[in-house]
Amino acid sequence: MARMKFICDAERCIECNGCVTACKNEHEVPWGVNRRRVVTINDGVPGERSMSVACMHCSDAPCMAVCPVDCFYRTDEGVVLHDKDLCIGCGYCFYACPFGAPQFPQAGAFGLRGKMDKCTFCAGGPEKDSSEDEFRKYGRNRLAEGKLPLCAEVCSTKALLGGDADVLADIYRQRVLTRGKGADIWGWSTAYGKPDAPASQPAGGGQS
Amino acid sequence: MKPLISVVCAAALLGGLAGCAEREQVVVYKQGAYQGKADTKPWDNESFAGDKGQWEAAIKARNQSQNEYRRISG
Numbered sequence: 001m002a003r004m005k006f007i008c009d010a011e012r013c014i015e016c017n018g019c020v021t022a023c024k025n026e027h028e029v030p031w032g033v034n035r036r037r038v039v040t041i042n043d044g045v046p047g048e049r050s051m052s053v054a055c056m057h058c059s060d061a062p063c064m065a066v067c068p069v070d071c072f073y074r075t076d077e078g079v080v081l082h083d084k085d086l087c088i089g090c091g092y093c094f095y096a097c098p099f100g101a102p103q104f105p106q107a108g109a110f111g112l113r114g115k116m117d118k119c120t121f122c123a124g125g126p127e128k129d130s131s132e133d134e135f136r137k138y139g140r141n142r143l144a145e146g147k148l149p150l151c152a153e154v155c156s157t158k159a160l161l162g163g164d165a166d167v168l169a170d171i172y173r174q175r176v177l178t179r180g181k182g183a184d185i186w187g188w189s190t191a192y193g194k195p196d197a198p199a200s201q202p203a204g205g206g207q208s
Numbered sequence: 001m002k003p004l005i006s007v008v009c010a011a012a013l014l015g016g017l018a019g020c021a022e023r024e025q026v027v028v029y030k031q032g033a034y035q036g037k038a039d040t041k042p043w044d045n046e047s048f049a050g051d052k053g054q055w056e057a058a059i060k061a062r063n064q065s066q067n068e069y070r071r072i073s074g
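Protein sequence lines, in the order shown, are assigned to chains Y and R. Taking my numbering, the leading residue of the first sequence gets 1, the next gets one more, and so forth. Taking my numbering, the leading residue of the second sequence gets 1, the next gets one more, and so forth.
Don't read these hints as lab results, they were simulated from the structure. We put the CB at the ideal spot given by N, CA and C, even for glycine. Treat the hints with care, as some may be off.
What the hints assert, rightly or not - Derived DSSO-like pairs: lysine-lysine, alpha-carbon spacing no greater than 27 Å straight-line:
| # | chain 1 | residue 1 | chain 2 | residue 2 |
| --- | --- | --- | --- | --- |
| 1 | R | LYS37 | Y | LYS158 |
| 2 | Y | LYS24 | R | LYS30 |
| 3 | Y | LYS84 | R | LYS30 |
| 4 | R | LYS30 | Y | LYS115 |
| 5 | R | LYS60 | R | LYS41 |
| 6 | R | LYS41 | R | LYS52 |
| 7 | Y | LYS147 | Y | LYS137 |
| 8 | R | LYS60 | Y | LYS115 |
| 9 | R | LYS37 | R | LYS52 |
| 10 | R | LYS41 | Y | LYS128 |
| 11 | Y | LYS84 | R | LYS41 |
| 12 | R | LYS60 | Y | LYS24 |
| 13 | Y | LYS137 | R | LYS41 |
| 14 | Y | LYS24 | R | LYS37 |
| 15 | Y | LYS115 | R | LYS52 |
| 16 | Y | LYS147 | R | LYS2 |
| 17 | R | LYS41 | Y | LYS115 |
| 18 | Y | LYS137 | R | LYS2 |
| 19 | Y | LYS147 | R | LYS60 |
| 20 | Y | LYS137 | Y | LYS115 |
| 21 | R | LYS41 | Y | LYS24 |
| 22 | Y | LYS128 | R | LYS52 |
| 23 | Y | LYS84 | Y | LYS24 |
| 24 | R | LYS37 | Y | LYS128 |
| 25 | R | LYS2 | Y | LYS84 |
| 26 | Y | LYS147 | R | LYS30 |
Said to hold, decoys possible - From the structure, some residues in chain R lie toward chain Y, with a derived Cβ separation under 7 Å:
| # | residue |
| --- | --- |
| 27 | CYS20 |
| 28 | ASN63 |
| 29 | GLN66 |
| 30 | GLU68 |
Said to hold, decoys possible - One-sided excerpt, in silico: chain R residues whose CB lies under 8 Å from chain Y:
| # | residue |
| --- | --- |
| 31 | SER6 |
| 32 | CYS9 |
| 33 | GLY19 |
| 34 | GLN25 |
| 35 | GLN35 |
| 36 | LYS37 |
| 37 | ASP39 |
| 38 | PRO42 |
| 39 | TRP55 |
| 40 | ALA58 |
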């Protein structure tokens, strides 16, 4: 049985926000709710790193532990989901989550919080698969269509991977071993070749 | 009179012993059980008609399509 996880490769993420846009569009997420977002560390400084962050579908999820109405459940595929009909919008899960994944729509006046909304790993919720109710409450159920989360599938640099954790680990391992480390990944060596294998000269002999 | 004193003494002794009883001081938090509606399996729908193997094959193919080394070399 697959154990679904996300992994974001900070060496590849270019902060294009394609994942964020795809998620919002796919699930028609309301204004002010961001199931996924891109976080940049040392923004503007050479060597800055960006990461796409959403619910990480924790194996021992703190949101599940603190929920006073026990509206969270974990599917056999390891996806953490919740029942919006039961959620009281208390916000405990938001405080417990180390990733800030739970989001609360402004449901009315005086800052009234609506029911919690978060990344569903494109797996919908406890409603009939691909039904109107499921889409309205949780968004599209791509997993039931045999597809993976759209954010990962649209990622142009394949920085964000989503799916079976074992497969993702294999993909990431192969990637790291192939690209090397340090200046091999990004910089002079990549652009102009390594000292032992210099980049080929143009046919013209480099005349100006 | 004597039996009454004995009874009172025995009751006092038992009461005193009860005061020495040790109670658990640490709160043990238990994970609550899910209270919401039941969800179906991702393959229990019209697309896969309950065929788990077919669903797993579809997911596996999608998983591998994220590996550009395999995708490009193939």
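Quick rundown of the hints versus the structure:
no.: 1; hint: LYS37(R) to LYS158(Y); in the structure: violated (35 Å)
no.: 2; hint: LYS24(Y) to LYS30(R); in the structure: violated (36 Å)
no.: 3; hint: LYS84(Y) to LYS30(R); in the structure: holds (23 Å)
no.: 4; hint: LYS30(R) to LYS115(Y); in the structure: holds (25 Å)
no.: 5; hint: LYS60(R) to LYS41(R); in the structure: holds (17 Å)
no.: 6; hint: LYS41(R) to LYS52(R); in the structure: holds (9 Å)
no.: 7; hint: LYS147(Y) to LYS137(Y); in the structure: holds (20 Å)
no.: 8; hint: LYS60(R) to LYS115(Y); in the structure: violated (33 Å)
no.: 9; hint: LYS37(R) to LYS52(R); in the structure: holds (22 Å)
no.: 10; hint: LYS41(R) to LYS128(Y); in the structure: holds (10 Å)
no.: 11; hint: LYS84(Y) to LYS41(R); in the structure: holds (18 Å)
no.: 12; hint: LYS60(R) to LYS24(Y); in the structure: holds (25 Å)
no.: 13; hint: LYS137(Y) to LYS41(R); in the structure: holds (18 Å)
no.: 14; hint: LYS24(Y) to LYS37(R); in the structure: holds (25 Å)
no.: 15; hint: LYS115(Y) to LYS52(R); in the structure: violated (32 Å)
no.: 16; hint: LYS147(Y) to LYS2(R); in the structure: violated (87 Å)
no.: 17; hint: LYS41(R) to LYS115(Y); in the structure: holds (24 Å)
no.: 18; hint: LYS137(Y) to LYS2(R); in the structure: violated (77 Å)
no.: 19; hint: LYS147(Y) to LYS60(R); in the structure: holds (10 Å)
no.: 20; hint: LYS137(Y) to LYS115(Y); in the structure: holds (10 Å)
no.: 21; hint: LYS41(R) to LYS24(Y); in the structure: holds (25 Å)
no.: 22; hint: LYS128(Y) to LYS52(R); in the structure: holds (17 Å)
no.: 23; hint: LYS84(Y) to LYS24(Y); in the structure: holds (18 Å)
no.: 24; hint: LYS37(R) to LYS128(Y); in the structure: holds (11 Å)
no.: 25; hint: LYS2(R) to LYS84(Y); in the structure: violated (70 Å)
no.: 26; hint: LYS147(Y) to LYS30(R); in the structure: violated (35 Å)
no.: 27; hint: CYS20; in the structure: violated (36 Å)
no.: 28; hint: ASN63; in the structure: holds (4 Å)
no.: 29; hint: GLN66; in the structure: holds (5 Å)
no.: 30; hint: GLU68; in the structure: holds (6 Å)
no.: 31; hint: SER6; in the structure: violated (53 Å)
no.: 32; hint: CYS9; in the structure: violated (50 Å)
no.: 33; hint: GLY19; in the structure: violated (36 Å)
no.: 34; hint: GLN25; in the structure: violated (22 Å)
no.: 35; hint: GLN35; in the structure: holds (4 Å)
no.: 36; hint: LYS37; in the structure: holds (4 Å)
no.: 37; hint: ASP39; in the structure: holds (4 Å)
no.: 38; hint: PRO42; in the structure: holds (5 Å)
no.: 39; hint: TRP55; in the structure: holds (6 Å)
no.: 40; hint: ALA58; in the structure: holds (3 Å)
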